[in-house]
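2 protein chains.
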Amino acid sequence: MTAKILRFLAEERPETPCLIVDLDVIAENYRSLRRYLPVADVFYAVKANPAPEVIKLLVGLGSNFDAASRPEIEQVLAAGAAPESISFGNTIKKQRDIAWAYEQGVRLFAFDSEAELAKLAESAPGAKVFCRILMSCDGAEWPLSRKFGCDADMARDLLIRARDLGLDPYGVSFHVGSQQTMLDQWDIAVGRTAMLFSALNAAGIELKMINLGGGLPAHYRSDVAPVDVYAEAIMRAMTKHFGNNLPRMITEPGRSLVGDSGIIESEVVLISRKSYDDDVRWVYLDIGKFGGLAETMDEAIKYRMHTANEEETARDATGPVILAGPTCDSADILYEKNQYQMPLSLQVGDRVRILSTGAYTTSYSSVNFNGFAPLKAYFI
Amino acid sequence: MTAKILRFLAEERPETPCLIVDLDVIAENYRSLRRYLPVADVFYAVKANPAPEVIKLLVGLGSNFDAASRPEIEQVLAAGAAPESISFGNTIKKQRDIAWAYEQGVRLFAFDSEAELAKLAESAPGAKVFCRILMSCDGAEWPLSRKFGCDADMARDLLIRARDLGLDPYGVSFHVGSQQTMLDQWDIAVGRTAMLFSALNAAGIELKMINLGGGLPAHYRSDVAPVDVYAEAIMRAMTKHFGNNLPRMITEPGRSLVGDSGIIESEVVLISRKSYDDDVRWVYLDIGKFGGLAETMDEAIKYRMHTANEEETARDATGPVILAGPTCDSADILYEKNQYQMPLSLQVGDRVRILSTGAYTTSYSSVNFNGFAPLKAYFI
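From first to last, the protein sequence lines are chains W and C.
Under our numbering, think of the first position of the first sequence as 3, with each following residue one higher.
Under our numbering, think of the first position of the second sequence as 3, with each following residue one higher.
Treat the hints with care, as some may be off.
Because identical chains share one entry, a pair is satisfied inside a single copy or across any pair of copies.
Said to hold, decoys possible - Below are the BS3-like pairs computed for lysine-lysine, each with C-alpha atoms no more than 25 Å apart in a straight line: (1) K242 with K6; (2) K210 with K276; (3) K276 with K130.
Worth flagging that the hints you see were computed from the coordinates, not collected in a lab.
These figures come from a predicted structure and were not determined experimentally.
Construct the complete structure from the given sequences, taking the supplied hints into account.
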């Protein structure tokens, strides 16, 4: 919670719920990543926070962009990014969207299947393509499923096939899982990628790029290591498995660049107990799962929360609460199993601040579920 | 899938993904509910599908409305509904929204806690208030948590307090759980409500209304009993527990009125396997959890699906599939555990129809997650 955000909240008293993003934090996070991992090109994962203010800032800082869809590419181009700085990183693309992106000058595409490769060969001839491989992803708070990627032996065959189809078999990508806290996951993934580089070398193909994905954490309820610790683990893995012959390295940070830049200001709508012998209070906020906090699904992401009058209530006793959103949907509960504590003096109308909510919030908001408007955001 | 919808799809070939709603189905469902449960007043749960076309139709048919928020009330009033036909049914309301609704003429409010009652006493003096009680809800496909309602003994005390605060202690509400398929749940709930009526009678308060909530099903993958079977179960429970002295009855159908009225037309973006020995295909549609199919969360609602060329492929063998959405979010999987089958001949570009998607889809769509636009809807 930066001084700039605190000042904005104190002076503007914006209507809740709303997200305040301090753009300086994003700039600092970007520079920090460049400083500690200077050999890697940064491709910002637009989906983490697609606000024009964020994109513009990152264009200005020289970032590249990982886009998930045609509208994201449109937005990045509109903000002044060069088409060569864009990776169409979704492995699930409509043929007509590939063709459109290629026409705009985008030349870097992800794939993980034969069918996607066929689309690329037809609509993006000669483009650089990289194959995403499956990872197991222990230790990630927002876990990955098997939705993306394929087995390494299939990846090898597909990259050979890419060459035969007139594409440029450019490299390999993986994702260790968002909010990844186990450092050795990078070692496993880089090792697997290096083996694939060798296998393709044997087939006469020299891959040129390793895409390390995202996975660097933001600061939620658990403490996380600073970016330099991750950078060091990644570089150690790279030199261990590639020696001096390092390929081009790409990272796709989303959460780690923008997550900690924002806080959501919300209001307590209701505090209640369900029966006389309940020792847990239900605290209902004016934001919930469908208003921007979708990542509380299965209580995966555990945000830090501050009650606004923290200083005054610091001496107060706290007690367990179940936190829920304002909709009539019974699934709209934020935290029930992960016991949160709040001051016993908490009152209806008090403000509650939800920290590190700069990533994966605004764009996740529902259009108007239960009539509630999407999360409003201020970029300062 | 009505003839009207099929004709629309054949003639218009709308861009996917989109929802087509046949308004005639909603009108027929409304009339059917009135026919089989004539003593109950219908309060349509606006949140199920808040489209102006749906609201207008139901205003015309004489429906009342269960609104979850100020914007929903605004919308219902704008469609020509009288304020007396509106119940502000959310138990979690901001004080200023209660005051605003009261100014508009709304006089029926839900509550389930002391704090909410205090707000109502201050901002809606003299209004009819009903207390929601907790139910356990076995048998519901979209389960209820303990988020709404309070224990019966607390409800009794709160209704007495309502009178002392100058409010009209009007009745009791419960909800047996959305998509409820166990008929005896109504018997349990009505029985508990009748006991509460007696307890308040002993305190000199005559409650006048029982709000049966929603819970009647739409037709997803499991077969469901027709509405008359539910109506009969409800009336049996009412006469068993209330005898000839029936209170005013209210139902709040959402899913059962609009669910079966709509189908989503989607397109297969990709079909792939993750490894050579996978016998399950991954089928990626252009709609997923964040584009309107939020109720597939934890695979709770299991939609029926048709591939568009069903007739041609009827003789085809089918095979198991995992169904997923188009975003780069690994949680955007529709069905993985509940094995769905699709024709082995299914191809990229084929259309897939998702049935009974008239409720809880459009308004759940994310604003622009991964850049994808919210679900477009046609009302015919």
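Next on the checklist: If the cut is 25 Å between Cα atoms, do K210 and K276 qualify within a copy, between copies, both or neither?
Outcome noted: between (60 Å within a copy, 24 Å between copies)
Checklist entry - Between K276 and K130, at a C-alpha cutoff of 25 Å, which is it: within one copy, between copies, both, or neither? => result For K276 and K130, only the inter-copy Cα distance (22 Å) is at most 25 Å; the intra-copy one is 59 Å.
Checklist entry - Is the C-alpha distance from K242 to K6 at most 25 Å within one copy, between copies, in both cases, or in neither? => result Neither way: K242 and K6 sit 42 Å apart in one copy and 64 Å across, limit 25 Å.
Consistency with the previously given hints fails for number 1 only.
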